[in-house]
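J.: Full structure from sequences and hints, please.
Note that the working numbering has the sequence shown beginning at 417, numbered continuously upward.
Rather than coming from a laboratory, the hints here were simulated on the basis of the structure.
Just so you know, not all the hints are guaranteed correct.
Unchecked claim - Heads up, simulated DSS-like pairs for lysine-lysine below, C-alpha to C-alpha not over 30 Å straight-line:
hint : residue 1 : residue 2
1    : K498      : K510
2    : K499      : K510
3    : K512      : K499
4    : K512      : K498
5    : K512      : K433
6    : K512      : K502
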Amino acid sequence: MCGIVGFISKRKFNSFKRMLPQASLSLYHRGPDDEGFFYDEEMGIGLAHRRLSIIDLSAAGRQPMTSDDVSIIYNGEIYNFKKIRKTLEGYGHKFKS
417 MCGIVGFISK RKFNSFKRML PQASLSLYHR GPDDEGFFYD EEMGIGLAHR RLSIIDLSAA
477 GRQPMTSDDV SIIYNGEIYN FKKIRKTLEG YGHKFKS
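T.: Now the structure itself:
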């Protein structure tokens, strides 16, 4: 299972931003293959992800996954992903992986 850590704080954003890499490192045993960060100072959000690569070993599986208006960190399997993808493509969504 991958490691996920984050914070929400507009007041202490810079303090937490400095601490997030160390918090991520403390989860190294949960995901030694990769690490990624997302920060949004306006929203006061910081996310970190430690990756344990099992199925998608490519760079397309890196997290956080970010588009123009959405960022996510995710751990798990979506077994009906083909059906969901087809539905979303019908609405005009584009996929990178």
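J.: With reference to the structure, classify each hint as holding or not holding.
T.: So, going through the hints one by one against the coordinates:
In summary, the hint linking K498 to K510 is supported, as the alpha carbons are separated by about 14 Å, within the 30 Å threshold. For the suggested pair K499 and K510, the alpha carbons sit about 15 Å apart, so the restraint of at most 30 Å is met. Pair hint K512 plus K499 holds up; C-alpha atoms about 17 Å apart against a cutoff of 30 Å. Simply put, K512 and K498 have alpha-carbon atoms about 14 Å apart, close enough for the 30 Å limit, and the pair holds.
For the given pair, K512 sits about 28 Å from K433 by alpha-carbon distance, which is consistent with the 30 Å threshold. For the hint linking K512 to K502, the alpha-carbon distance of about 14 Å falls within 30 Å, and the restraint holds.
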